[in-house]
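Counted from 1, the first sequence has number 368 at position 368 by this note's numbering; the numbering is strictly sequential.
Note that these hints are calculated values from the structure, not bench results.
By construction, the Cβ of each residue, glycine as well, lies at the ideal position given by its N, Cα and C atoms.
Worth double-checking, as some hints may not be accurate.
[As the list claims (entries may be wrong)] Label-pair ranges, simulated between beta-carbon atoms:
{"id": "1", "residue 1": "Ala441", "residue 2": "Leu368", "range": "50 to 60 Å"}
{"id": "2", "residue 1": "Phe430", "residue 2": "Pro258", "range": "40 to 50 Å"}
{"id": "3", "residue 1": "Leu126", "residue 2": "Arg340", "range": "50 to 60 Å"}
{"id": "4", "residue 1": "Pro258", "residue 2": "Ala423", "range": "52 to 62 Å"}
{"id": "5", "residue 1": "Pro156", "residue 2": "Asp61", "range": "56 to 66 Å"}
{"id": "6", "residue 1": "Gln369", "residue 2": "Ala441", "range": "30 to 40 Å"}
{"id": "7", "residue 1": "Asp75", "residue 2": "Arg254", "range": "27 to 37 Å"}
{"id": "8", "residue 1": "Asp61", "residue 2": "Asp436", "range": "33 to 43 Å"}
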Amino acid sequence: MMNLPNPVSSPKPRVRFAPSPTGFLHVGSARTFIFNWLYARRTGGTMILRLDDTDVERNTDASVQSIFEGLEWLDLGWDEEYKQSARGALHRQMADAILRKGLAYRDFTPAHTGDSEKSGAQGTWLFNPGMREMSRDESDRRAAAGEPFALRFRVPREAGTVVRFTDAVYGEQVKAGADIEDFALLRSDGMPTYHLASCADDADLRISHIIRGQDHLSNTFKHVLIFQAAGYTPPQFAHLPLLVAPDGTKLSKRRHGPVVSVTTYRDAGFLPEAFINFLCLLGWSPKNDREHMSREELVGAFSLEGINRANAVVNFKEPATTAEETFDPKAIWLNAEHIRGLAIADLSQRLLPVVRQAGFAVAPERMLQITPLIRERIKLLRDVLTAADFFFVDQLPPYDPAELIPQKGDPAMALKVLQKAQAVLPNVEFRHDPLDQALRAAAQELGVKAGQMFQPIRVAVCGRKNAPPLFETLEVLGKETTLRRIEQALENLS
RNA sequence: GUCCCCGUCGUCUAGCCUGGCCUAGGACAUCGCCCUUUCACGGCGGUAACACGGGUUCAAAUCCCGUCGGGGACGCCA
């Protein structure tokens, strides 16, 4: 899977998705992946997956697994794959080069103890004067003596110095050097920081476009500084508006829970293509009111110009109770749209594992018969379990016999109808048209409306009022099961 | 605190750069009607937004300034 970069330098774009394996793949990361992928496919470029795993403390194998699991479900693929932890030599080499040019300095200040508590980040810390100004000789001497140090970038902070770049989404960006702190390049254990490793790899992998979340917009000034210090032209940047929760804050695994995990969508029965479609509509627009789009259509329509600047709310419900309530209604609608657009055979195949996983033994041929009856009635693949349950079970779960009583009818009518059905059905061929004719004729003989005839039968065979159309249902259920269930309904009624 | 970004219906968005065609369009959600053997699908219709205040202009959602609001970054995390 580990590919070597193409040795022939190509003008085609090279983009990358660089997650850090510190948790499951969340929807914001998934969207970043998708936008990068779309851009690569649209332009005939190369999609690179790079695991940014330089934080040994927090990286876990479980997280790596979870990220791959999510990406595999998306089923988009990538062309090259790298692991940052295997490229340490390259990172140190770049740090060295920057130090030698005098653009970085050693900071012998002991590492801060309280790491994760934000209190330290509140003030306006820019640099440690004693360290920034230390002579080269003293610095070399102390380093040679084995004293640990962090390597910091010497940010040019003379009056009037600015760092600038043009973002493909946010436009011209300028920041005074005096407003950028002397960020670390190397930790005191010699490991590269994210900023260094990321830039060194982006330069080495000849990344042409960095498409990532807007939370990195202000970090980008540091990255521009690193690229320039190391003698590289910075790539094109394109920052994506953030995906935020209904409370307005950026989606976080810790605060918002499983709703932000890609696998949650998978497990709830989303189609990957629908999920991708939904994510694309968050922070990007094809500008022509199109919403339901296939992968191919998305590839054809995607452009950096279509990306918005304002954050987008993923409209899920915080205290989620049912799947319907958990997810953004538009995601559910889009999923239903994609389901309706699927060929019966295709949908059937995707439904089968869901049904089997729930513990029902269903033959593929039978699933193929059931699928057309529920395609317009399910929004998530998992809905098959509640929409078609009566096809799977041998014995219907108990239901209220009062349900058997038709509109504007009484128990006597229910009884009459079911008995009539019991009498007529054995001699009817169980296909749509014959059933239709026979049951309508029966209703007429009984002097009841068609609906009054159908409802008791529907409840008898399905166990509830809301179900797929009756004749098709009976056809799939078969004569034997139908008559048995009518018999049971009759017993329940008395 | 410092710096950066953003602000059109409840939500996703079109329009903004290149002012007038905007009595602001589409979609989801919601409400109502129709279709109909139930449900669903489908069809039709309704409610609903240019954050606010100043400019500039014959004319501003669109340009300028300010205010307010929201978000993000500031770590030897990524």
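> Is the gap between the beta carbons of Ala441 and Leu368 within 50 to 60 Å?
Replying inline: Distance hint for Ala441, Leu368 is violated at roughly 31 Å.
>> The hint says 27 to 37 Å between Asp75 and Arg254; measuring C-beta to C-beta, is that right?
In response: This hint holds: roughly 28 Å between Cβ atoms.
> Would you say the C-beta atoms of Leu126 and Arg340 sit inside 50 to 60 Å of each other?
Replying inline: Since Leu126 and Arg340 have Cβ atoms about 57 Å apart, the given range 50 to 60 Å holds.
> Taking 30 to 40 Å as the hint, is the beta-carbon distance of Gln369 and Ala441 inside that range?
Replying inline: violated (26 Å)
> Does the hinted range 40 to 50 Å hold for Phe430 and Pro258 at CB?
Replying inline: With a Cβ separation near 44 Å, Phe430 and Pro258 satisfy 40 to 50 Å, so the hint holds.
> Asp61 and Asp436, beta-carbon distance inside 33 to 43 Å?
Replying inline: violated (59 Å)
>> Range first: 56 to 66 Å. Now tell me if the beta carbons of Pro156 and Asp61 are that far apart.
In response: violated (41 Å)
> For the pair Pro258 and Ala423, does the Cβ-Cβ distance stay inside 52 to 62 Å?
Replying inline: holds (53 Å)
Hints 1, 5, 6, 8 from the earlier list are contradicted by this structure; the remaining hints agree with it.
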